[in-house]
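**Student:** Next come the chains, spelled out residue by residue.
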Amino acid sequence: MQNRIQELRKARKVTQQELADALSVTRQTIISLENGKYNASLILAHKAAQFFGMTIEKLFIFEGEENFKGGS
Amino acid sequence: MENFRKKVERRFKLDTLVCLCSLALYFMLVFLTNGASDIAQAVSMGVFVGMESFAVYSLTRTFATLRNEKKLKEMYINETDERNIAINKETSQKSSAISMMGTAMAAVAAGFFNEKICFSLVAVLLFSALATVIVNVYYKRKM
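In order, the protein sequence lines correspond to chains A and B. Everything in the first sequence is counted per our numbering, starting at 1 for the first residue and increasing by one. Everything in the second sequence is counted per our numbering, starting at 1 for the first residue and increasing by one.
What the hints contain is simulated information worked out from the structure, not anything from laboratory work. Just so you know, even glycine gets a beta-carbon here, dropped at the ideal spot from N, CA and C. Some clues are possibly wrong.
If you want a taste of the chain B side facing chain A, the calculated C-beta under 10 Å gives, among others [unchecked claim]:
(1) Cys21
(2) Ser22
(3) Thr33
(4) Asn34
(5) Gly35
(6) Lys73
(7) Ile77
(8) Asp81
(9) Glu82
(10) Arg83
Lysine-lysine pairs mimicking BS3-like chemistry, simulated, CA-CA at most 25 Å apart [said to hold, decoys possible]:
(11) B:Lys89 with A:Lys37
(12) B:Lys71 with A:Lys47
(13) A:Lys47 with B:Lys70
(14) B:Lys94 with A:Lys47
(15) A:Lys37 with A:Lys10
(16) A:Lys13 with A:Lys47
Restraint-style ranges between C-beta atoms, simulated for each label pair [what the hints assert, rightly or not]:
(17) B:Arg10 with A:Phe62: 36 to 44 Å
(18) A:Gln6 with B:Thr91: 43 to 51 Å
(19) B:Val124 with A:Thr15: 33 to 41 Å
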């Protein structure tokens, strides 16, 4: 799943560490989210959306059923 | 954060208990297995030193963390970070499967040389499989 975290973070001049502190996660998690290596949980997605002041749908781009690991 | 501090304090008490229990267990074993073979004594000594070292390391780390708010926050983030939790879950699942396969292969190989070792390994394998099934059933009912 793609997201706009890096784009929004840079636009607001927030460092990865500052964002990590605000979301109570490690900086490595922010890096993995930005690189698309890790998909955030619903709770983290909600926290991130609150941080950027937008809805989850606008922050995370859902690309379809291929995102489901166990999908048929 | 206050809940996490209480959790760390409980961990500190538990580590102290492990430290004292392993010390008591070791001296009890030394007393009970006075005429035991060298290898048995060496193994019990090794297990004792290992447990004690880990407990002392953990005690020192926890003690230092409890006295430093910044370190406590770092520990909280490291332990509650969802990516770290996901990595730990994946690691334990994969390593458990790999070690069970390794044990199974070792049991087959040992069967050609020593019956006792082969049956011991099969027992370990069965115990691991049983533990996995029990834990799996527990979480299926819990979630």
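**Student:** Now tell me, hint by hint, if it's right for this structure.
**Tutor:** Hint check:
1. Cys21: For Cys21 of chain B, the interface hint is violated, since the closest Cβ of chain A sits about 34 Å away, which is over 10 Å.
2. Ser22: violated (32 Å)
3. Thr33: Since chain A brings no Cβ nearer than about 46 Å to Thr33 of chain B, farther than 10 Å, the hint is violated.
4. Asn34: Check failed: Cβ of Asn34 of chain B comes no nearer than 51 Å to chain A, outside 10 Å.
5. Gly35: Check failed: Cβ of Gly35 of chain B comes no nearer than 53 Å to chain A, outside 10 Å.
6. Lys73: holds (9 Å)
7. Ile77: Since chain A brings a Cβ to about 6 Å from Ile77 of chain B, closer than 10 Å, the hint holds.
8. Asp81: Holds, about 5 Å.
9. Glu82: holds (5 Å)
10. Arg83: holds (4 Å)
11. B:Lys89 with A:Lys37: holds (17 Å)
12. B:Lys71 with A:Lys47: holds (23 Å)
13. A:Lys47 with B:Lys70: holds (22 Å)
14. B:Lys94 with A:Lys47: violated (30 Å)
15. A:Lys37 with A:Lys10: holds (19 Å)
16. A:Lys13 with A:Lys47: Given pair Lys13 of chain A, Lys47 of chain A holds - Cα atoms ~18 Å apart, limit 25 Å.
17. B:Arg10 with A:Phe62: 36 to 44 Å: Since Arg10 of chain B and Phe62 of chain A have Cβ atoms about 40 Å apart, the given range 36 to 44 Å holds.
18. A:Gln6 with B:Thr91: 43 to 51 Å: violated (27 Å)
19. B:Val124 with A:Thr15: 33 to 41 Å: At 49 Å between Cβs, range violated.
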